[in-house]
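Trainee: Here is how the chains run, residue by residue.
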Amino acid sequence: MLELVTPLIAPIVVLHVVIGIVTYVTLLERKFAARMQSRIGPYRVGYHGVLQPIADAVKLMMKEDVVPTAADKPVYNLAPIVFLVPCMFIFATLPFAPGLGVADLNIGVLFFLAVSSMEIVGLFMAGWGSNNKYALLSAMRAVNQVISYDLPFVFSALIPVVLAGSLKLSDIAAAQSGLWFIFYPVIGQLAFIAFIVSTVAAENRAPFDILEAESELVAGFRVEYSGMKFALIQLGEYAHILGASFLGALLFLGAWSGPGPEWLGPIWFLIKAMLVFLLVTWVRWSFVRIRVDQILALSWKALLPATLLLLLATAVVVVWRANAGL
Amino acid sequence: MTGEVLAFWVLAILLVGSALMVVLTKNLFHAVLWLALALTGTAGVFLLLEAEFLAAVQLLLYAGGIVTIVVFAIVVTEKLVGERLSQVSRRITGGAVVSAALVWLIVSSIMERPLAITRAPMSGDLTQIIGETVLTRFALPFELLAVLMLAGLMSAIYFARPED
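Protein sequence lines, in the order shown, are assigned to chains A and B.
Here the first sequence stands for residues 1 to 326, where the numbers follow the numbering used here.
Here the second sequence stands for residues 1 to 164, where the numbers follow the numbering used here.
One or more hints might be untrue.
As the list claims (entries may be wrong) - Derived CB-CB ranges, DEER-like:
#1 A/S286 x B/L20: 49 to 59 angstroms
#2 A/V66 x B/G17: 27 to 37 angstroms
#3 B/V103 x A/W285: 51 to 61 angstroms
#4 A/K301 x B/M21: 38 to 48 angstroms
#5 B/L61 x A/L179: 28 to 38 angstroms
#6 A/W320 x B/V134: 33 to 43 angstroms
Note that these hints are calculated values from the structure, not bench results.
By construction, the Cβ of each residue, glycine as well, lies at the ideal position given by its N, Cα and C atoms.
Only chain B is shown next, with the shape it has when bound in the complex:
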């Protein structure tokens, strides 16, 4: 067993375990912290694939994201509004069936057509390649994504504006 395989399994167990804890724990704040762990684990997977840029961006963006979710978690828990709100997993059986089916689908399709074990060699600096392709070949989708995010922001402002 090489170090890479060992690291993969450690990360995989960490990721799946923390992701399960996100939905299973009753305490909303703990759920957010488990989510933070899961997102950090994802960054670890990116590192394992030698995509340092993606790993750093994952940490940078989701650290901010987690903070925002934490705020919501605190606002809706008993600490500030005096009302107890614990996370309940309704329809847990249905959810389990759906996720089991999804896992079966993914695993069976991978088994049917196994991925190449050896990775294609990376030519050049990954960060540079990402930067160049985003600004040349994928410029249009990139800009469209920006427009989509702007639309999301504007609709959030629309919903949040005070009634007059």
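Same shape as in the complex, but just chain A:
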């Protein structure tokens, strides 16, 4: 009976837990940003603002749903869904502890990368369907950035794959029971830096946020969205960044390994993912926006060759160690 029910219930549980975490991650970011800027942040709703995300959600649900007259209606209405679904699929393959997850695929990392790259289709539908110059410009800028930073992201994520010798996420986590890959001499640290930089870029956050640059494009591709559709886009965006944080924690920080009994594993994993998330947020609130050409140059001239070389070096080290019998 349990075998029959688990595949049905596990996705529902994971979906709700993820949405819950995503909602509270927004509060974490606002509090963290406020702290960095010597502000207090959300404070009024509940104790120290703990109920703020719920108030936000209720507000967004009650808001009027405004659809621009000139919008391409089917595309405009479908875009938030197309944007959200791949971001939620990310969590289908994540193991939260040994044997705890929806589906531990053999090609876990590849599935993650493939699904998260589909997000751009929804972004484009939003940008084009809104029939708004700012939204369209934002979508055009997204192409530059997403195509440029997909490759460094994939390469830096492949380095732990080569070190662990498996594409399966649980195998990669298990391979770090002795030494977390971030502590792997030289390779680990460089790969982690490359991963963080390309994550920040892939999530379109400052200093790489030209596609939503509020001073020139207002809010970019989602400028025409309001109410629940806006909420879905925000949810998708934060789910994506949370997924990338979990991936970073799994690839480099040893996933669920940590002191204490085994059932603490998922909590350790969550803490590590939150650390990666705060690192990305820290970068976001510390740097100013850079120009398009600087963004492209950083990717094609520095990050891409560097990660490619690092991947080759990792392969050489792994083969050499295997031959030396280490």
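Given the coordinates of chain A, work out where chain B should sit on it, guided by the hints.
Mentor: Same frame as chain A, now just chain B:
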């Protein structure tokens, strides 16, 4: 009717329908979106054949591909250049005849020699098998493909370079 057969028919209808919409819709941007759906459906077919690796690669590569086509679609539509360009299907009858003939050819050849219904059992991890064969038995064709793509890239740069 097993789940597999049902999934196949759902995917087949989705694939054929979206592929038809790609060529029949007037709006260039909608055509690209239908193409995205068709390519995702293809990934679904790969999944049905238990080739997860191919399905993931299909999504990964074609997501990038779709984005590039979208850019072209936007650049050539009225939004940026102020000129309306709708997709017209010229010689639609001729095209229909050719595709009907192709379908007839494929269906009749399959009917003549029916494929084995039972699939040969897969031994081992498909991803691993692909990786090993590409780097050993098929190393030469694999490298030749890489050279071919490099040649394509270089000719694109040649055509795109400014006149001097």
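Trainee: None of the hints should be skipped; say for each whether it holds.
Mentor: Consistency of the hints with the structure:
Range check, A/S286 to B/L20: Cβ separation about 51 angstroms, and the 49 to 59 angstroms hint holds. Against the hinted window of 27 to 37 angstroms, the Cβ-Cβ separation of A/V66 and B/G17 comes to about 32 angstroms, which satisfies the hint. The beta-carbon spacing between B/V103 and A/W285, approximately 58 angstroms, falls within the hinted interval of 51 to 61 angstroms. Separation of A/K301 from B/M21 is about 41 angstroms and conforms to the stated range, judged on CB atoms against 38 to 48 angstroms.
Between B/L61 and A/L179 the Cβ separation comes to about 34 angstroms, which falls inside the hinted range of 28 to 38 angstroms. Under the hint 33 to 43 angstroms, the C-beta atoms of A/W320 and B/V134, about 23 angstroms apart, miss the expected range.
Checked against the numbered hints given earlier, this structure breaks only hint 6.
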